[in-house]
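Residue numbers (the working numbering), protein chains in the order written: chain B, 18 to 355; chain V, 18 to 355; chain R, 18 to 355; chain P, 18 to 355.
You may find that some hints are simply not true.
For identical chains, the list gives no copy identity; a pair is met inside one copy or between any two copies.
[Unchecked claim] The calculated PhoX-like cross-link candidates involving lysine-lysine, where the alpha carbons are at most 25 Å apart (straight line), are:
(1) LYS344 x LYS334
(2) LYS334 x LYS87
(3) LYS334 x LYS78
(4) LYS23 x LYS78
(5) LYS78 x LYS91
Since the hints were derived computationally from the structure, they do not count as laboratory data.
All figures in this text were calculated on a predicted structure; none of them were measured in a lab.
4 protein chains.
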Amino acid sequence: MIIVMKPQAPRKDISEVVSLIESKGLTAHLSEGREVTIIGVVGDKNKLCNVNIQLMSSVDKIVPVTESYKLASKKFHPEPTSVIVGNTVIGPGTLTIMAGPCAVESEEQLLTIAREVKKAGAQFVRGGAYKPRTSPYSFQGLEEEGLKYMAAAKQETGLNTICEVVSREAIEAAVKYVDMIQIGARNMQNFQLLKEAGHSGKPVLLKRGLAATIDEWLNAAEYIISEGNPNVVLCERGIRTFETATRNTLDLSAVPVIKAKSHLPIIVDPSHATGVWDYVAPLAKAGVACGADGLMIEVHNDPEHALSDGPQSLTFKHFDELMQDMKAYIKLAGRTLQ
Amino acid sequence: MIIVMKPQAPRKDISEVVSLIESKGLTAHLSEGREVTIIGVVGDKNKLCNVNIQLMSSVDKIVPVTESYKLASKKFHPEPTSVIVGNTVIGPGTLTIMAGPCAVESEEQLLTIAREVKKAGAQFVRGGAYKPRTSPYSFQGLEEEGLKYMAAAKQETGLNTICEVVSREAIEAAVKYVDMIQIGARNMQNFQLLKEAGHSGKPVLLKRGLAATIDEWLNAAEYIISEGNPNVVLCERGIRTFETATRNTLDLSAVPVIKAKSHLPIIVDPSHATGVWDYVAPLAKAGVACGADGLMIEVHNDPEHALSDGPQSLTFKHFDELMQDMKAYIKLAGRTLQ
Amino acid sequence: MIIVMKPQAPRKDISEVVSLIESKGLTAHLSEGREVTIIGVVGDKNKLCNVNIQLMSSVDKIVPVTESYKLASKKFHPEPTSVIVGNTVIGPGTLTIMAGPCAVESEEQLLTIAREVKKAGAQFVRGGAYKPRTSPYSFQGLEEEGLKYMAAAKQETGLNTICEVVSREAIEAAVKYVDMIQIGARNMQNFQLLKEAGHSGKPVLLKRGLAATIDEWLNAAEYIISEGNPNVVLCERGIRTFETATRNTLDLSAVPVIKAKSHLPIIVDPSHATGVWDYVAPLAKAGVACGADGLMIEVHNDPEHALSDGPQSLTFKHFDELMQDMKAYIKLAGRTLQ
Amino acid sequence: MIIVMKPQAPRKDISEVVSLIESKGLTAHLSEGREVTIIGVVGDKNKLCNVNIQLMSSVDKIVPVTESYKLASKKFHPEPTSVIVGNTVIGPGTLTIMAGPCAVESEEQLLTIAREVKKAGAQFVRGGAYKPRTSPYSFQGLEEEGLKYMAAAKQETGLNTICEVVSREAIEAAVKYVDMIQIGARNMQNFQLLKEAGHSGKPVLLKRGLAATIDEWLNAAEYIISEGNPNVVLCERGIRTFETATRNTLDLSAVPVIKAKSHLPIIVDPSHATGVWDYVAPLAKAGVACGADGLMIEVHNDPEHALSDGPQSLTFKHFDELMQDMKAYIKLAGRTLQ
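Let the sequences and hints guide you as you build the complete structure.
Next up, the structure:
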């Protein structure tokens, strides 16, 4: 931690800051510049957690030097992590495809879609049983009934299953039926839910919040890991910006940034990011090309009649074509579809 | 709802859209322009909820004409609503001050602060017992113990009390001790929590999410109201933008916008928005000047040692001065402190 | 300037950075922490301008300690500046109103508006003769003809005049006819134009760019001042965010932030910020309440037929009412209308 | 254009709007819904340019149906455009690489870099002779001297040359020495400069503004084309968002969006977007994978001593490796390096 003093800070104020630091068992290093004095603080900064140095006289600002997350950081865990779900390894060397409808609508619908995405090469079938919707009057999901269909889809196809959870009840139900749970963008800083996901015993897919910095996202992962669950996969799904041509702005730079800062796997969801099915294929390829460990793609048997997010869903034909096209990109990226 | 067809859409595609609309019992009005044809849809658009017209051939885009919220809308409830909490009326004609520490730290701390903010003219003491914190290693709140101190503060001072809730358990505890519950910015689209707040029987302060549009915010209010709880007060507390000189960007335009779109009261929180105590007073006055129904302000007995958000907290002296200064602004705005 | 080294940076890399700094005649102060070493650099950092320390081995990041602007900074000029235009003083103690149409449309229109805004209490008539428009097919302004009408309006009413400039030719013409020139939001980082404004001999109103941080804005002011023109007034006019209920998001926090960082006067333009006339009055009052030195407000004789930005313009009646309402706010803020 | 009336608009107000539309020679189509009436306007909307319908009684909002740009739109020019510069074709089927230093620093530097990027496979050498810099105290470029070095680099290597222009003088000088001129992000809405680029006789690379929507960007292109210069290539270089891990947020979705809306070629600049050399390679590959027609990449002989933007520049070795890696991606995308 670095403390920057205001220009011409009186010696007395500088001494007070130094005394405080030393009184907590830390060491202060002074650099006296022509204009300003800066004080480097060496030691465990948690010892300062109940003091607001920023409010002391003549203090201009505090500059943190180290990130607040540790378990999610590459600094203390340089090797990339693989998260294993059933017979699928999500991490370096592999490329994992999660595909399916935004919302589970019926058993038949889900089974039809699961069969098709399996045939096309997916490892996971996704499907929402609990839907966070902007308006209370929109379809909210089939809840536990939907989870049962997920279990049926797994039984028939052998695909892994993933479903978003929005509450403790949803987690308690989901762990009985699916292989991996998902925390959605709107709940990325629902810290209560993060802690509960940390106790769920299931691998967690953590979507980035619409307004979350990468730093906050890794802190959200830290909540899950620090509760004892190291099996966290990140998912970039677009951030909120001023641009309205796409639903959100897919931040593909997040892929190399996460690879530089964290050991956790990261996948990309171009369907929710763009909201337009026509843009999904080019951005899916781009996601593989920039180093993502997987993709989440919405596929629907009948997008024109989907209960949720039809405009961004691929038909079976389009999904199959995309999977064919992507094979060469996956190979180029040094990865294998499992 | 308006459907805009692509330029040169074949007659066949236009007919298909019209047939679909009419098959659902709605009426289609065609406007054939030189370049494009548009189709006005008249009737209950919920009848179209399981069709994605946007995916039909030659459809360019769908333009919604009416908002998805009804109960929160001024269109169907033109008179402004007053929310009554104990002996305080939040709404037109009054100005409500909620003041107190970011986090409840001890009974003594809370009582000291409650006495002082009461003396300075506040109607509510605020204080966090459940703290949503970016890092799992930051102080997370005293939980039920903190709520008990809130009840004690009420008992001694007669002030109304308000506390943020972050889970169903927190709501169940809070309703026993405090007068009003708060949904924080990070949970504004935690729809499960919104529904539970709708059943809590307590008035709800709904903070705007960091990346929430005003439309989404009113839809979040709709979740609470549609569960049977009409006592919702909105709170503008800054949105996330590219500017870093303040923690968030306080969007004071939201005050007149909300007044134009909704009948719900709205208050302003300049402390969380700016993150800097020095900017709180000018923006508090600005909030009153542009029509807010109240203010939420962080006050701390010892900001230099606050466990949370010290840099943005006012001292007793600064808060008292601000309250003195604001009296004339409150009067000018045609409002009274109760 | 502070250099943060990566965790476990080898001693050799640290020495290389230190040697480099010292070879340039600067001093390096080392703080060796448990996890990371930081190096404080003392001396004139311009000596390092042709070295990218960030690329040296084991360097994690560079943290600037001082701002890059000097002449616009309060640190080196603590007293607030007043900018004098004719008989109007823009700065502490006064409140300056600039009012008029977005675009000058005819001599008669401008004279009519000038008379009315003068009567209502404005000190400046504003009017665009050069209009930066998103589409090349929108009305682009009357150019020099419009400037002549500005001069006529001044002659008749005695009001000061201000007009946006968009090119060197526009500056050359404007200095012959108007009292103050304006650099618009879209040109805030048109550095060529800033330099030319610095040589114009006229006071400059510098609007904030739609995506400009306050730091960049003050650097833009620095361009003008460093060319020898200290008469710069800043104008907050809304930044671009995700919110669409208003055209831009008026950042009123910028007012106290500028007061904390700079000695330059700052005014607020609620008309362009919101794009909706109905929101102008509450935000104008808020601007005064939070410490602005003035306001720029669009007023039109016939908003329904305005060639540019009619929806955000006040009628004479609304402007007169606003000026009446604001008197008490101006007085409360300790300012006088001149 | 669609006019949406307020709920319960009186018949008289609706009639007035209809009369106005018809008085201008346009046709009005009414759709009377249960809640609101909408009016479709058919005909040339330019006839309404001096009326602000939005301000008429009971009008709620105006919804534009067609974009304001025509010449840049795919609707009226469905085939993709190729822009030819010397012996290079920028457009479908090809992949164009522009590489070089942020700033031209000396003849020797530029020649060295030009030779290396040619060898690695680039078609253009880029280099800034006029640098728009946030601070007036940063290096501003060698101006015409730098352009001469560009001409020398072309002469020796046969590469095409491109240089940013920031003023009419810069354009007048640049057309004498380089093959293509660039309008930078900060000048994307410097409409005067766009018009002058339209008269320059040179192909133009138009970078997206930091806060520009895709619609505004295409309108900026319209300025150039409508002055008679159809040779416009777009360049996505990152937009400004709240994320600070990268300098800007590269919006790769803009590539498929532009392909859907316009016939103009689009290239991607991952160097300026990210500001970090380490992220350039993955995002360059992603740009090719999502359909870009080319890439602009910063390469420097000695990034540690670059006068501008060293941290984002590739060394010769890294650039050469990237070009080797990209060959397979370029082939996969169905394109050829020329």
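Okay, the hints, checked on the actual structure:
Taking the shortest alpha-carbon separations for LYS344 and LYS334, only the intra-copy value of 16 Å comes in at or below 25 Å, while the best inter-copy value is 29 Å. Taking the shortest Cα distances, LYS334 and LYS87 never come within 25 Å of each other, neither inside one copy (44 Å) nor across copies (34 Å). In this assembly of identical chains, the alpha carbons of LYS334 and LYS78 lie at most 25 Å apart only when taken from different copies (23 Å versus 57 Å within one copy). For a Cα distance limit of 25 Å, the shortest separation of LYS23 from LYS78 qualifies both inside one copy, at 8 Å, and across copies, at 22 Å.
For the homomeric pair LYS78 and LYS91, the shortest alpha-carbon distance between copies (16 Å) is at most 25 Å, but the shortest distance inside one copy (27 Å) is not.
When each numbered hint is compared with the structure, a violation occurs for hint 2 only.
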